[in-house]
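*Asks:* Go by the hints and put chain B onto chain A.
Going down the list, the protein sequences come from chains A and B.
Using our numbering, read the first sequence as starting at 383 and increasing by one per residue.
Using our numbering, read the second sequence as starting at 106 and increasing by one per residue.
Bear in mind the hints are in silico, worked out from the structure with no lab data behind them.
Don't take every hint at face value.
Straight-line C-alpha distance at most 25 Å; calculated DSS-like pairs for lysine-lysine [claimed, not checked]:
id : chain 1 : residue 1 : chain 2 : residue 2
1  : A       : 517       : B       : 556
2  : B       : 527       : A       : 432
3  : B       : 572       : A       : 494
4  : A       : 396       : A       : 432
5  : A       : 449       : A       : 407
6  : B       : 501       : A       : 432
7  : B       : 572       : A       : 489
8  : A       : 491       : B       : 572
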Amino acid sequence: MLEIKNLKASINNKPILKGLNLNIKPGELHAIMGPNGSGKSTLANVLSGKNGYEVSGVLNYKGENLKEIPVEVRAQKGIFLAFQYPLEIPGVNTNIFLKTSLNSILKAKGDKELDSLAFLKLVREKSLELGIDEKFLSRQLNVGFSGGEKKKNEILQMKILEPYLSILDETDSGLDIDALKIIAKGVNSSRSSKKSFLVITHYQRLLDYIKPDFVHVLADGKIVKTGCGELAQELEKTGYTKLN
Amino acid sequence: MNQQELEKNKEYKYGFTTDIESVRAPKGLNEETIQFISKIKKEPEWMLNWRLKAYKRLKSLKEPNWQKPKYPKINYQDLYYYSAPKSAQDKPKSLDEVDPKLLETYAKLGIPLKEQEKLSGVAVDAVFDSVSVATTFKDKLTEKGIIFCPISEAIQKHPALVKKYIGSVIPITDHYFATLNSAVFTDGSFVYIPEGVRCPMELSTYFRINASETGQFERTLIIADKGSYVSYLEGCTAPMRDENQLHAANVELIALDDAEIKYSTVQNWYPGDENGKGGIYNFVTKRGACRGKNSKISWTQVETGSAITWKYPSCILQGDNSVGEFYSIAITNNYQKADTGTKMIHLGKNTKSKIISKGISAGNADNTYRGLVDIKQKAVNSRNYTQCDSLLMGNKCGAHTIPYIKNKNSSSIVEHEATTSKINEEQLYYCNQRGLNQEEAVGLIVNGFCKEVLQQLPMEFAVEAQKLVGISLEGSVG
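Okay, chain A solo, but in the shape it has when bound (with noise of 0.2 Å):
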């Protein structure tokens, strides 16, 4: 699904990645985790194709060099991510925001873009699923949205969208634990052998719900240990000074 070999990312001239290696193959969960600072965010938004980086290495996506592909094209080709801070559009409303893109992403496969009655039963069926309230979906996009809110639209955005590599920024920070337990809802029942997630985390609690495949520790723009879901116990212990 994703393959990452000596990663190097900088923005005006700064490292952020200093040669990441990760390979990530379908139907798997990789968690990465991290100190403040370590690049996390970075790895995110270079995999989504966001402007601004000096990209070098490689990066692949099921096979095609992602590197000099814009980011719409990206989307289309089914590589979401979950933002931080997902961003307030005053006066677009939410279906109307989320159909667009949903037919942008059909349209792109070659499939039949969905029309409105059929969209609304798709999102009514989808916000059923994840226990959320569907009255938040006529609101103008994020405005006025709490962050518990904005995160749970992100993961309502990724069941109707049908990623293959979904990458989740950080969704789990001031969460309560209703609203993680919606999140972790919503990338379980999303699993499948076809589908991969990237889960970036500060804390190991979201790992009590979503159980990753592996947990990598990223340091310094390099990941400097790979292990298993007792990875990030070991680390909620510890922290992450000892490991460098």
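*Replies:* Chain B in isolation, oriented as in the chain A frame:
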């Protein structure tokens, strides 16, 4: 029929139009030109005299020059003030002869082929769909006693109404361009809604027979008698071809007791090329009088075209409890310039006005909101709410807000809010990450920004206008 016969048939058919083609006023602005126009239009003497009076006044007037967008001097003696509609021979024969770029835009707006032909000036058969549609509509209107016809026809058939109201909102002494229009206007729409009648459909120039090419000096007069209601749509989302550079239209609205007029405009005249060459000067005077008590006039405009847009659709709130509204979207891209806003003149008691203005500027464009809220001493307990938002795209464009507020009594309340923001790169990234390309993302964000105004448009217009907002800003980001 073989090819030769076909050709011959064509020639014959179009042969009738050659007479009309030769009808053209001599170049230049003078009394002869005005007499010529009046004669062609078979106008009564009072109308000619009215025009001449305006012309006399014009000679003592100077063009205003306080506006922000400047333009090269116009030589008024070098213009034609009347020429009959082009003959079919001069027009493109089919869509194949029309600029492909224009067709591309039509396609994006989802305009049906028949309409595309009409808009791009393709010579079409006299009997085609929209004409018969228009006739059916006309019958329905006549049933209700509504008059909806070219103003030249109204001058002949309904002289009392025209005489009573023309120039009563925009006097011939008003200002240079309005006075020029009074002297040389060629045609436009006339609407009269009788007492107590609610117009059963949106009136639009598109459905008016022979509406095309009314010329650069259009004149529109709409009268809503007591307790009546009308919604009028002007213009079209599709880009319009026109040979004339200067457009100086006058629009007058009169609402009597308890009447309501809703006037919506989508203006998309040729804006000039990416380097600012060419394009229409859209210098329009639009004014409505809420003459009766409890009357209401609401202006909604979506201005995306023209090289320079310079207009202030205004409301004179004479009647007690009358209401004036102004909803505006002005989009300027490349080298376009807009200086637009409104005037709300509060004269009656308990009068209310609301101004919502959304200015969007991209490329090297410059966008100014200029507005006046004038609450006179006798307009007690009046209220105004103004909101002006500007959105900038890139760092070479400009946005300006110039509100004038006068309040002459202590019981009235005036509120003014203004914001200026830049289109946010992070918002674009967010949309891109959800699979939307740059164009779709900009369209979505800008439509969100304009939502309050777009909501005011009648359904028929709203969907096309939304698309237009995106298309107007194409290529302005990234």
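*Asks:* If a hint holds in the structure, say so; if it doesn't, say that too.
*Replies:* Right, here's what the structure says about each hint:
no.: 1; hint: 517/A / 556/B; in the structure: holds (20 Å)
no.: 2; hint: 527/B / 432/A; in the structure: holds (19 Å)
no.: 3; hint: 572/B / 494/A; in the structure: holds (21 Å)
no.: 4; hint: 396/A / 432/A; in the structure: holds (16 Å)
no.: 5; hint: 449/A / 407/A; in the structure: holds (19 Å)
no.: 6; hint: 501/B / 432/A; in the structure: holds (24 Å)
no.: 7; hint: 572/B / 489/A; in the structure: holds (18 Å)
no.: 8; hint: 491/A / 572/B; in the structure: holds (23 Å)
Consistency note: the structure conflicts with none of the earlier hints.
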